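Participant: The primary structure of each chain is shown beneath.
4 protein chains.
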Amino acid sequence: MKTDMATNTVRTMRPIRWAMVGGGRGSQIGYIHRSAAMRDRSFDLVAGAFDIDPARGAAFGAGLGLDPERCYRDHEALFAGEAARTDGVEAVSIATPNNTHYAIARAALEHGLHVVCEKPLCFTVAEAEELQRLAHGRGRVLGVAYGYSGYGTIEQARAMVAAGELGEVRLVNLQFAHGFHSAPVEEDNPAIRWRVDPRFAGPSYVLGDLATHPLYISEVICPDLKIGRLMCARQSFVASRAPLEDNAVTLMEYEGGAFGTVWTSAVNAGAIHSQKVRIVGSRASLEWWDERPNQLSFEVQGEPVRVLERGMPYLHPEALAEDHISVGHAEGLFESWTNIYGRFAAAMRATGRGDAATLAGLRYPDAAAGVAGVRWVENCVRSADAGGVWVDYR
Amino acid sequence: MKTDMATNTVRTMRPIRWAMVGGGRGSQIGYIHRSAAMRDRSFDLVAGAFDIDPARGAAFGAGLGLDPERCYRDHEALFAGEAARTDGVEAVSIATPNNTHYAIARAALEHGLHVVCEKPLCFTVAEAEELQRLAHGRGRVLGVAYGYSGYGTIEQARAMVAAGELGEVRLVNLQFAHGFHSAPVEEDNPAIRWRVDPRFAGPSYVLGDLATHPLYISEVICPDLKIGRLMCARQSFVASRAPLEDNAVTLMEYEGGAFGTVWTSAVNAGAIHSQKVRIVGSRASLEWWDERPNQLSFEVQGEPVRVLERGMPYLHPEALAEDHISVGHAEGLFESWTNIYGRFAAAMRATGRGDAATLAGLRYPDAAAGVAGVRWVENCVRSADAGGVWVDYR
Amino acid sequence: MKTDMATNTVRTMRPIRWAMVGGGRGSQIGYIHRSAAMRDRSFDLVAGAFDIDPARGAAFGAGLGLDPERCYRDHEALFAGEAARTDGVEAVSIATPNNTHYAIARAALEHGLHVVCEKPLCFTVAEAEELQRLAHGRGRVLGVAYGYSGYGTIEQARAMVAAGELGEVRLVNLQFAHGFHSAPVEEDNPAIRWRVDPRFAGPSYVLGDLATHPLYISEVICPDLKIGRLMCARQSFVASRAPLEDNAVTLMEYEGGAFGTVWTSAVNAGAIHSQKVRIVGSRASLEWWDERPNQLSFEVQGEPVRVLERGMPYLHPEALAEDHISVGHAEGLFESWTNIYGRFAAAMRATGRGDAATLAGLRYPDAAAGVAGVRWVENCVRSADAGGVWVDYR
Amino acid sequence: MKTDMATNTVRTMRPIRWAMVGGGRGSQIGYIHRSAAMRDRSFDLVAGAFDIDPARGAAFGAGLGLDPERCYRDHEALFAGEAARTDGVEAVSIATPNNTHYAIARAALEHGLHVVCEKPLCFTVAEAEELQRLAHGRGRVLGVAYGYSGYGTIEQARAMVAAGELGEVRLVNLQFAHGFHSAPVEEDNPAIRWRVDPRFAGPSYVLGDLATHPLYISEVICPDLKIGRLMCARQSFVASRAPLEDNAVTLMEYEGGAFGTVWTSAVNAGAIHSQKVRIVGSRASLEWWDERPNQLSFEVQGEPVRVLERGMPYLHPEALAEDHISVGHAEGLFESWTNIYGRFAAAMRATGRGDAATLAGLRYPDAAAGVAGVRWVENCVRSADAGGVWVDYR
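Protein chains in written order, with the numbering used here: chain W, 1 to 394; chain C, 1 to 394; chain H, 1 to 394; chain F, 1 to 394.
I should point out that these hints are in silico values taken from the structure, not numbers from a laboratory.
One or more of the hints may lead you astray.
Copies of the same chain look alike in the list, so a pair counts if it fits in one copy or across any two.
[What the hints assert, rightly or not] Okay, derived cross-link-like pairs now, SDA-like style, lysine to any residue, Cα gap no bigger than 25 Å in a straight line:
(1) Lys276 with Thr358
(2) Lys226 with Ser236
(3) Lys226 with Ala242
(4) Lys276 with Val307
(5) Lys226 with Leu362
(6) Lys226 with Ala239
(7) Lys276 with Pro317
(8) Lys226 with Ala360
(9) Lys226 with Pro313
(10) Lys276 with Thr86
(11) Lys276 with Arg363
(12) Lys276 with Ala77
(13) Lys226 with Leu320
(14) Lys276 with Val300
(15) Lys276 with Leu225
(16) Lys226 with Val389
(17) Lys226 with Glu165
(18) Lys276 with Arg349
(19) Lys276 with Met312
(20) Lys276 with Val327
(21) Lys276 with Ala321
(22) Lys276 with Leu64
(23) Lys276 with Gly65
(24) Lys226 with Glu130
Computed from a predicted model, the values in this text were never measured in an experiment.
Construct all of the structure, not just a fragment, from the sequences and the given hints.
Facilitator: See below:
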């Protein structure tokens with residue numbers, strides 16, 4: 001029942017030469033970037049600037065088996081050094097604090113590299129659109145690490161909405177509300193501290209750090225929904241975090257009459273992730289929960305609730321295309337990220353050969369998704385800072 | 001482990017002589033009123049005006065074994081006829097369409113009867129406060145049928161918050177969002193039609209009919225929270241229901257900094273009840289779901305989620321006081337209503353003998369709860385009709 | 001959606017005059033017997049011998065509002081006293097320790113009373129068959145209190161098997177395995193002590209006390225399955241309980257090739273009830289769990305698992321016939337018992353008027369079910385005491 | 001919160017040169033072997049004999065980027081060819097049909113290779129013990145692919161039992177019972193056909209193919225339990241599968257008084273995996289379910305059920321040592337296999353340098369585990385074929 005991904009035609013191609021900026025010792029996300037990128041030989045890690053401390057970064061690269069001379073002191077040295085090689089890197093992933101994303105991504109694109117950037121892409125729509133234009137002008141892929149979006153159950157949800165199985169979409173209920181920062185844990189933990197400091201985190205905490213994940217998933221599932229206006233109320237229950245919020249609720253009026261809500265929190269005490277997406281249509285609803293990602297609840301009004309399982313033949317083909325193992329065996333976040341990185345690689349290759357047809361068929365968190373996330377946060381903050389009023393979406 | 005309720009001292013007292021207005025053939029709620037009231041011999045049904053069609057009402061009363069001459073043509077005849085008897089009823093329950101509650105409740109109170117009224121108590125705060133004053137002036141109990149509030153798990157939640165087990169309450173997330181009216185089912189069903197007609201239903205549909213239930217529960221669990229301002233957005237996804245809403249979201253800022261959300265819907269396709277109450281504190285959260293009312297999720301940040309079970313000795317005594325059967329055996333909505341009717345009876349007896357101490361220890365949905373629900377709906381509608389703006393709570 | 005049971009034709013009949021033996025102060029089950037019997041006016045409690053201590057029993061009866069002279073010192077006085085009245089009881093329920101069931105039930109039948117007896121009906125098949133013959137000869141109903149079997153979800157399961165929705169039944173997996181007696185709690189609790197004393201409990205503890213419940217449910221759902229042979233292994237993890245078991249596993253070969261397992265325990269630490277029934281067919285399976293009795297899992301091979309909900313129109317009519325409240329509102333054990341007592345009453349009335357057609361359409365735990373339970377325990381004990389060998393079922 | 005495994009000291013070592021026999025196109029398990037072995041640079045795939053069809057195998061190896069001359073026609077050519085190279089493989093994984101395991105594993109060991117073999121290791125205890133002796137004599141690791149055993153939640157369970165948190169272990173309830181072969185699907189599917197053919201599958205189907213997985217997990221969690229005697233009943237509900245069973249129940253008496261049950265099935269219609277392990281102690285129980293592998297239910301008698309979550313600091317250190325990502329993010333079967341392969345690599349290195357201390361601290365499915373699984377199946381079949389009688393374990 002399993003597709004052996006390692007034997008796909010695409011995967012028999014040479015891996016893309018790849019570097020990382022950030023993601024070294026102590027990083028929460030460096031390992032999953034590497035594991036996903038290299039899993040099915042999509043990418044080959046050959047260079048990096050892993051740490052703000054060059055010596056620590058070099059030691060880290062050595063531990064990964066890299067050539068010491070390709071472990072650079074910073075991203076500028078990396079991009080320059082690799083540009084000087086005939087076997088220089090073709091792509092780079094950026095896993096540094098938020099305030100550095102814009103400059104590093106811009107530099108990478110200017111060096112002609114494909115880019116995968118942690119979210120948020122940057123702090124303002126103006127910056128995001130500049131990066132988008134730059135990528136477009138250079139003919140390079142600019143991907144954003146919305147890593148939860150690669151689950152097959154998300155593809156299933158998208159295909160069901162597209163096929164009209166829910167009827168007309170009426171409600172979009174999103175949440176990503178954990179409780180790990182109920183207390184001021186940042187006081188003792190530098191890895192959390194920057195997330196609540198506007199200098200490093202930008203204009204928001206949980207809106208940008210958490211809520212953009214289910215928001216992007218909702219865009220994948222319901223691509224036709226456009227926000228008309230929204231309102232946002234945000235709070236700092238740990239007062240020292242102000243002006244950054246640790247809890248927020250956003251209401252969205254979509255064009256055409258659908259309505260959306262987003263709850264995001266870092267003070268939802270005792271909750272693990274609580275990342276949930278519920279799409280309510282005129283005929284049926286779908287619900288997805290990232291802590292049980294192999295299941296999808298399909299609830300047709302008047303019929304028994306159905307629990308759809310990843311890997312079952314009754315799913316849409318798109319939901320089965322990237323299975324790594326047969327049904328019953330739990331897949332997890334690493335498979336979702338692997339799928340996303342696989343699509344990044346396919347997009348980079350198709351871009352490289354000017355293959356517009358392939359690109360049109362690929363769905364991945366691209367520059368437009370990056371812009372969309374930044375735009376949403378910007379609108380939320382604008383509303384919240386005006387007292388939680390409705391603002392036209394712009 | 002079970003408290004045999006039938007042997008409690010209180011229950012050895014004579015049952016209260018009781019009548020119903022409405023609740024006859026075809027009523028969704030008449031049976032549970034009767035079943036709960038008579039279950040532990042709290043009340044004895046001796047009279048009624050069960051139906052707008054007197055003959056049908058008389059037949060219904062006969063089926064219940066009532067004396068034919070105490071099956072009245074309407075509430076006025078009932079109150080007059082019983083007042084003329086030495087063994088006349090002492091209390092009446094009102095289970096008629098919403099638009100009649102105010103007049104019938106007022107008449108009952110003016111006849112010196114204790115009253116249990118279906119919610120909403122009436123349509124305006126002015127009316128509700130008038131009924132409250134009348135009940136107070138006559139020394140009579142005015143109860144409201146918030147029947148979900150009698151579960152022992154609600155008492156447990158209340159006791160835990162009072163004991164500080166959650167820390168400071170930060171968030172109150174409420175929902176009651178079913179999907180049974182996703183389509184315009186009222187077109188073929190008179191029992192639903194009046195609920196979406198403002199002449200009979202009043203100024204709201206789901207806000208008043210559904211959301212006031214978890215709202216009251218939140219007032220029981222968190223008695224210290226006072227709403228400072230709120231905003232409400234409501235929609236009519238079945239357009240013919242306008243101006244009455246079939247979906248609404250309300251945000252509430254409580255005095256002191258806590259924040260609340262309420263989602264209520266009749267178009268949450270495929271959902272059964274989805275009545276859920278989540279209270280988030282600085283230390284821990286509680287979650288209650290009316291479809292699994294014997295369990296309560298207690299989630300201390302940093303500790304494993306705990307599933308509390310009705311009937312277990314580790315619960316607070318208040319949560320065990322009204323158990324009907326030992327742990328493991330599922331209790332349901334009938335036990336919750338029976339508990340509420342038991343408290344109504346206790347309140348009526350204590351009121352009758354001027355026993356202020358007993359009254360102070362009794363917690364039941366009283367006139368103040370009825371006023372509070374009407375007030376909340378009134379504020380929600382005021383906000384919604386102004387475009388979903390924040391309004392000061394008044 | 002609700003059937004208002006109080007208006008059914010049957011219920012307009014005069015309640016059956018009814019007495020209890022046992023079920024007084026401290027009884028775990030007295031309250032649910034009374035509550036279920038009187039709920040829909042099926043029975044009217046007018047007499048009793050509630051306690052081995054006559055004074056305490058009389059006080060208990062007074063608390064229930066009974067005429068003091070009909071609160072008897074023991075069952076013999078009760079039967080004799082009532083037989084001397086023109087308005088004497090017509091039926092009696094027996095809720096005394098197991099060792100007394102046989103004698104009391106026999107005496108009641110000999111006095112011409114209908115009988116509802118707690119399970120086990122008695123200790124030996126010979127005794128059980130004698131009671132069955134006696135009931136038959138006298139034209140009286142002999143019911144057994146398998147109170148979990150009245151849930152609508154059980155009727156739904158039965159109807160689905162009968163309609164072939166599972167294909168051919170292959171496996172029957174039963175369990176009732178709680179953990180409340182993991183420690184020797186009987187040392188401090190007389191209400192538990194008799195259950196592990198063969199003089200009062202009979203030849204088994206958990207086999208008879210717990211396992212016969214899901215066994216009877218399996219007989220309801222799969223009436224065509226006949227046990228060909230079985231083997232049983234039983235253990236006394238609390239050694240002082242020997243020879244009575246606190247844990248047992250039984251395997252059953254049914255005639256025709258189906259296979260069954262039963263796990264029953266009082267030492268399944270931390271578990272609440274864990275009463276579960278899973279029926280596996282060649283096409284689909286059903287699973288029922290008494291802690292979530294409003295749901296039924298229907299699992300067709302190759303399709304998504306479906307969660308059936310009590311009260312939904314897609315259920316079979318038999319599963320909807322006894323609903324007490326519309327879907328979404330949790331029903332519990334009291335409704336299940338009420339349904340069973342309602343059927344007892346219908347059977348008594350039909351027996352009284354010799355209405356064989358009605359009797360043929362009624363399904364309730366009758367004398368045959370009582371015999372079947374005693375027979376099953378007897379076979380299990382015979383196998384276990386021989387070292388866990390297979391024994392032909394007899 | 002995450003341990004970046006790629007930076008561990010062990011992982012900075014050179015990857016072990018590694019080959020596969022089998023696991024090519026159409027294999028259900030080839031991909032997970034490769035993905036797990038190479039994930040954290042434990043192994044480097046450099047050779048293989050992937051297919052019974054040499055040309056197809058060579059094409060498969062080329063797709064994986066292998067040197068064509070190291071894609072061999074069969075295992076004999078592989079072992080001979082690699083032995084002739086100075087950079088020849090050091091280890092091999094065997095993922096071929098069951099009937100070939102013994103010969104290939106013996107040949108590999110005789111060539112001085114470390115071996116990872118799919119289960120069952122072989123068909124008889126005699127063969128298994130021969131392989132075990134051979135591995136021991138040659139100083140080589142012989143691992144068995146019990147890939148579900150690498151979850152951190154299993155380590156947590158083991159540590160809790162070892163720490164006495166359950167009290168004395170009384171019951172071990174195991175099941176692995178899916179429904180995918182409810183119909184004779186093998187008629188159209190060669191990948192399933194060999195599993196029900198004794199020539200290829202050996203003396204059992206589901207006992208060996210499924211039940212040995214939770215059995216091994218129970219050995220990990222409860223290393224002190226030794227089976228004294230067992231009985232097994234097996235059935236072939238699809239008759240053409242006889243003598244191989246598609247359903248079986250085994251009862252086990254452990255020395256010291258504990259009792260175990262195992263249910264395994266391929267005809268549990270509608271079930272996905274239903275692989276569950278429940279350990280019941282005198283104080284508390286643990287339950288693990290492979291479809292929700294990030295959670296573990298901990299049920300202390302008299303306390304609320306607790307849901308333990310992978311990655312939380314309250315877990316034992318052993319349960320956290322191999323985390324790949326912080327809590328909340330779902331890990332899946334690939335992480336479990338990666339952990340097992342990481343331990344295989346550590347064992348191979350420690351064996352290579354004669355590091356007994358390290359070996360003593362490593363827990364992985366070794367030759368003894370392979371022997372134990374074969375022994376258990378052999379005893380089950382012996383019992384079943386004698387009519388389901390108790391047999392002394394040997």
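Participant: Hint by hint, say whether it matches the structure.
Facilitator: Do the hints match the structure? See the list:
{"no.": "1", "hint": "Lys276 with Thr358", "verdict": "neither (31 Å within a copy, 43 Å between copies)"}
{"no.": "2", "hint": "Lys226 with Ser236", "verdict": "between (29 Å within a copy, 19 Å between copies)"}
{"no.": "3", "hint": "Lys226 with Ala242", "verdict": "between (30 Å within a copy, 24 Å between copies)"}
{"no.": "4", "hint": "Lys276 with Val307", "verdict": "both (15 Å within a copy, 19 Å between copies)"}
{"no.": "5", "hint": "Lys226 with Leu362", "verdict": "within (21 Å within a copy, 51 Å between copies)"}
{"no.": "6", "hint": "Lys226 with Ala239", "verdict": "between (34 Å within a copy, 21 Å between copies)"}
{"no.": "7", "hint": "Lys276 with Pro317", "verdict": "within (23 Å within a copy, 30 Å between copies)"}
{"no.": "8", "hint": "Lys226 with Ala360", "verdict": "within (21 Å within a copy, 54 Å between copies)"}
{"no.": "9", "hint": "Lys226 with Pro313", "verdict": "neither (32 Å within a copy, 37 Å between copies)"}
{"no.": "10", "hint": "Lys276 with Thr86", "verdict": "neither (46 Å within a copy, 54 Å between copies)"}
{"no.": "11", "hint": "Lys276 with Arg363", "verdict": "within (21 Å within a copy, 36 Å between copies)"}
{"no.": "12", "hint": "Lys276 with Ala77", "verdict": "neither (41 Å within a copy, 53 Å between copies)"}
{"no.": "13", "hint": "Lys226 with Leu320", "verdict": "neither (28 Å within a copy, 43 Å between copies)"}
{"no.": "14", "hint": "Lys276 with Val300", "verdict": "both (18 Å within a copy, 20 Å between copies)"}
{"no.": "15", "hint": "Lys276 with Leu225", "verdict": "within (18 Å within a copy, 28 Å between copies)"}
{"no.": "16", "hint": "Lys226 with Val389", "verdict": "both (19 Å within a copy, 22 Å between copies)"}
{"no.": "17", "hint": "Lys226 with Glu165", "verdict": "within (20 Å within a copy, 43 Å between copies)"}
{"no.": "18", "hint": "Lys276 with Arg349", "verdict": "neither (33 Å within a copy, 44 Å between copies)"}
{"no.": "19", "hint": "Lys276 with Met312", "verdict": "both (22 Å within a copy, 21 Å between copies)"}
{"no.": "20", "hint": "Lys276 with Val327", "verdict": "both (22 Å within a copy, 16 Å between copies)"}
{"no.": "21", "hint": "Lys276 with Ala321", "verdict": "within (23 Å within a copy, 29 Å between copies)"}
{"no.": "22", "hint": "Lys276 with Leu64", "verdict": "neither (35 Å within a copy, 37 Å between copies)"}
{"no.": "23", "hint": "Lys276 with Gly65", "verdict": "neither (39 Å within a copy, 40 Å between copies)"}
{"no.": "24", "hint": "Lys226 with Glu130", "verdict": "within (22 Å within a copy, 47 Å between copies)"}
The structure fails to meet hints 1, 9, 10, 12, 13, 18, 22 and 23 from the earlier list, while all remaining hints are met.
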